[in-house]
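**Student:** Here is what each chain is made of, one letter per residue.
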Amino acid sequence: MIGNFPYLVVGILFVMGFIGLVFERNLVKIAIAMSVIEAATNLFIITLGYRTGGSIPVWTMAGGGSSRMVLPTPQALTLTAIVIGLATTALMLSFIMMIYRHYGSLDVRDIRRLRG
Amino acid sequence: MKARIFFLISILVVGGLLWSGLQAVHPFGLPNGTPMDDYFIANAQGEAAANNVVTSIVFDYRGFDTLGEGAVLFTAVISVAALFRKRGHN
Amino acid sequence: MNPLSVVARTVCNLFAWFLAIFGIYVIVHGHLTPGGGFQGGAVVATFMAFLLVAHGGEKMQSWVRKDLFTLMECFGLTLFISAGLLGMSKTFFFNFLAKAGGVFGGVLPIGPNAGALNTSGTIALMNLSVGIEVVGGLSMILLYMFSAAHPQEPMGREESGHDR
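Residue numbers (my numbering), protein chains in the order written: chain A, 1022 to 1137; chain B, 7 to 96; chain C, 599 to 762.
A hint or two may mislead.
Calculated lysine-lysine pairs in the BS3-like style (CA-CA distance at most 27 Å, straight line) [to be verified]:
hint, chain 1, residue 1, chain 2, residue 2
1, B, 92, C, 664
2, C, 657, B, 92
3, B, 8, A, 1050
Stretch-level coverage of chain C by chain A, calculated; a stretch enters the list once three of its residues show a Cβ under 8 Å from a Cβ in chain A [to be verified]:
hint, segment
4, 608-615
5, 625-634
Quick caveat, the hints were computed from the structure, so don't treat them as lab data. Using N, Cα and C, we set each Cβ at its ideal position, and we do this for glycine too.
All chains should be built: construct the whole structure from the sequences, respecting the hints.
**Tutor:** Here it is, written out as structure tokens:
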């Protein structure tokens, strides 16, 4: 089980982000917890593609590590996932700013009724 | 008190689901299906003429996903700009 | 937003240009070393954020305009799509400039080597266009969110064209 330590870290990070998302009252803390969940997912995708004793999949000045390279496809997918996470976080924070301007507080329990 | 019990039960449920889901993944360091990635590593210099295999995947072998990502970034910027306009724009 | 102290401003004036040069290096060498369009664009956007934090909002809005970043972002995305459409004789996004001679068409030896800049066809073109787009986009997000958080700063330039 110790050999699969990165997967354990991914699970712990995901549970911490989930706790922050469901049980917090401040809107900014909810946005931070969502960012933690995205980080856990990206870490999981990257650690799926590791080969023991491999080096980075780049041929420039590769030297001795060119015999065994890690898988490059999960890294390419993680690039796209990080940019999408950035777009989501930027829009979430913009909406939090607009909600604060309209309601005057950042507490989730005060924003429950739809007001004009 | 009820909130605490609900908290503990939900943590146990989510943690248990994650634990059982992560058992089905291959052991760390020994991936399963690698024929596609071996092809990319062996042929990226010949076909795409680039040293960096990850960049050649992102822009050449799977360039369509990068087009979608550019569209997502563009949409996010346009949405932020449209959200913060001033009154009087009619 | 108030500018920071003299020490912070001096350090910013000295070291912000290293950020810009490093970001452009990461964008241009995207097909040789780890990096590429998105990563280098994020580094150059950090340069803009550094200037904004150290010098304050008023000076920043007197230096840059929002129209410039809108133009950069749209130009980057248009160049990216047209680089994909130009190889349309075989498929969409065909790498028609690789190993063909000319500006971006060099040949690399197989195996570990030192790398040369004029290789890899449309990949280098797409790196530059995505870098320009990400710089424009992230700086625009930064400037819009800043001007919404501090609404009492005078922003005269962008309202000058509306006479409705």
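**Student:** Between residue 92 of chain B and residue 664 of chain C, does the CA-CA distance stay at or below 27 Å?
**Tutor:** Within the cut-off at roughly 15 Å; holds.
**Student:** Taking 8 Å as the C-beta cutoff, is the stated coverage of the segment 608-615 of chain C by chain A satisfied by three or more residues?
**Tutor:** Not satisfied, violated; 0 residues make the cut.
**Student:** CA of residue 657 of chain C to CA of residue 92 of chain B, is that 27 Å or under?
**Tutor:** holds (22 Å)
**Student:** Three residues minimum, CB to CB under 8 Å: does the segment 625-634 of chain C make the cut for coverage by chain A? Let me know.
**Tutor:** Our answer is that it holds, as 4 residues pass the Cβ test (under 8 Å) against chain A, meeting three.
**Student:** Are residue 8 of chain B and residue 1050 of chain A close enough, with their CA atoms no more than 27 Å apart?
**Tutor:** The given pair, whose Cα atoms are some 23 Å apart, holds under the 27 Å limit.
Checked against the numbered hints given earlier, the structure breaks only hint 4 and satisfies all the rest.
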